[in-house]
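Engineer: Spelled out, the chains give:
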Amino acid sequence: MSFRRLIQASTVAAALLTSLPAVAETIRFGFLELDRNPAYDSKRTFFRTLSQPMGSPVVGAEVALREARFVGKALNVDFALERAKGSDAATLIAETKRLQGEGVRYFLVDAPGAVVAELAKATRGSEMVLFNVSAADDTLRQTQCQPQLFHTIPNHAMQSDAMAQYLVSRKWRSVLLLEGPLAEDKLIAAAFENSAKRLGLKIIDKRSFILSNDPRQREQGNVALLTAGKDYDAIFVADSDGEFARTVPYRAVLPRPVVGAEGLVAEAWHWTWERHGAPQLTSRMVKEGGRHPSSRDWAAWIAVKAVVESVVRTNNASFAQQVAYLSGEDITIDGFKGNKLGFRTWDRQLRQPLLIATHNAVVERAPIQGFLHQTNNMDTLGFDQRDSQCKP
Amino acid sequence: MLKHLHPPSLKRLAGALATGLLLSLPMSAALAKDTGYIFVSSENDNAVTVLDGKTHAVVKTIPTGERPRDMKLNATRDKLYVIASNSERVDIVDIAKLAVERSVDVGEDPEMFDLSKDGSRFYVSNEEDAKVSVIDLAGNKVLAEIEVGEEPEGVMMSPDGKKLYVTSEVANMVHVIDTATNAVKANIVVGNRPRRFAATPDGSEVWVTNELGGSVTILDGTQDAIKGTVSFAPKGFRADDVTPVGITMTRDGKTAYVTLGRANHFAVVDVASRTVKDYVLVGQRAWGATLNRDESLLFVVNGLSDDVSIVDTKSNKVIKSVPVGRVPHTAVIDD
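Sequences listed follow chains P and F, in order.
Sequential numbering of the first sequence, starting at 48, is according to my numbering.
Sequential numbering of the second sequence, starting at 97, is according to my numbering.
Isolated chain P (complex conformation) (with noise of 0.2 Å):
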């Protein structure tokens, strides 16, 4: 904890002491994260790449807890965070355990997906609510899906279906696909060959590539040799790492747009969002953060919000009714991107708007004009309820 920090926290505390009457309760939250997560590595965010998370999402549920503050006060309910580390499933499995015994009740789990579907299936039946701030994989919205486990990250099939939707609206009807050779990439370009199937675009051809400048690999590691040979509007490229990604715009062969993982991307968050009252947002996750948000720091943001609406819309009922009126259809959350938030009942998938973003300006939010949904345009955009293999 910084010095002013530290600061801000005894005058929080000092006010609390003066101002109650009785001794608040405290809602924890646990924080639960890897010893060491490559992704928030200095040398991987140094590049910024477009979509990548620029740090660790413990800054966005900071800041929502900041927030909280003074309905937490009205309430006489103090809110708290306590961060957990493991270096791999069954450490955090144990700490969860731990802080669950000890009475917290709400955790954010920032981990890779496997991770988090292990924790998810091991803690099942626990009385609970873990948040997935940042594992994409659509199969924890599926067959791995478990009744305590919410998602407040867009999974892979939103983002591709909001992609697709904006080349539909462009009319860059055909698309060339880059896919990379990690498991995830792989996850990444079936979630977008779905979408296009569904909304009508046309992958000419898929490409595999590889991060390397060996000759004999040329065809697959050289963006030129990559991009040659046919012609297309706009170039997917599947890289759940992104530094192949960045190499690729200004690189092909045909003067097409770049979208996918750089050039163009749909995500949860972008610093340059303008609109209700997103700049005021990202300057409280810049003052807190040193650095600008990304959808990770909105995701866990937005899990704190949840809860926090959750006890106050309930006056702070038992458990199982705070979590009821989480996963109902009453609850309206404001993720400042302009729509009434909540989550889906078939699977606990926050269901959002997602912003398609260039490195400094959001071009369109998704669900973009036109592409409808019988009740919520939202549902446009991933797994709708016809969709769902969820059966918790």
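Hints are computed from structural coordinates only; laboratory data are not their basis.
You can trust all of the hints, since none of them are fake.
Listed below are the simulated SDA-like cross-link pairs for lysine to any residue, each with C-alpha atoms no more than 20 Å apart in a straight line:
id, chain 1, residue 1, chain 2, residue 2
1, P, Lys168, P, Thr190
2, F, Lys175, F, Gly149
3, P, Lys334, F, Lys227
4, P, Lys334, F, Glu204
5, F, Lys156, F, Val418
6, P, Lys144, P, Leu128
7, F, Lys323, P, Arg360
8, P, Lys233, P, Leu258
9, F, Lys331, P, Gln421
10, F, Lys227, P, Arg116
11, F, Lys331, P, Asn423
12, P, Lys144, P, Asp82
13, F, Lys281, P, Leu122
14, F, Lys175, F, Ala195
15, P, Lys334, F, Glu184
16, P, Lys334, F, Glu243
Use these hints to put chain F onto chain P, whose structure you have.
Structural biologist: Showing chain F alone in chain P's frame:
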């Protein structure tokens, strides 16, 4: 006729006009009353557009500080106060001269404000700092800073001047501040993303718009408690698209006008029965709502279509749409 004049005569003419203006200045303070002007602040133009009250033609564009938003007339109606959010100040426009005569610093990212009953103090919401600043207008100094929930927005003085109401968009609360002590005396949880206020003339009812909640919460002005809710359902719009922001009430406290943001309509509400009497189509993202002095006209400011809809309040029909500056925020009518 002017085109026949050669440049030197043009210059002379301009000089003569300027002298005429200068000579008339001492008189103009008296003449400035009830100019009929319509003032509209434009967030992206750093200016206030002045329209003629009858022809609705642009009379002048007054340069202000950056991102002008909320505006109010002083009691004697010869000054217009304009919040310039990004310049962190209130610009005071002399209505006779149609120019900024001086500025008062009001702290980081101010958005809305109200005045004390004697007109000597500004109460300003500082969006970034989660506080309300009390500013001495004459001395240009901060008298007090009151901590409130994150992103305070709407600010309204109670009709008797004893209470200040402030919304926090993030805490979903209305803070009630005692103006004698500057202490927060009540925090009331209302609908989601509360924005702006209107009150009945006796202050017994305070109405607050909930942008994301899609409703108006009615507060009891004496008990500081929730008394009722008004919901909106204009035909053809989903609940998600109804985002009430602007609100104003007639002086008799009988009718409220609530702008519905993304639904591109405003609602006419009967205050006593709390029922919606009519929905009227206006421009895109309708926010600001201002009545003229005899309440025969309502001016609705449409932030995303850069225009103002002028509505006849007898028939509830839009009689004209007038283009103004980029991203208009508030209209003030000096009729």
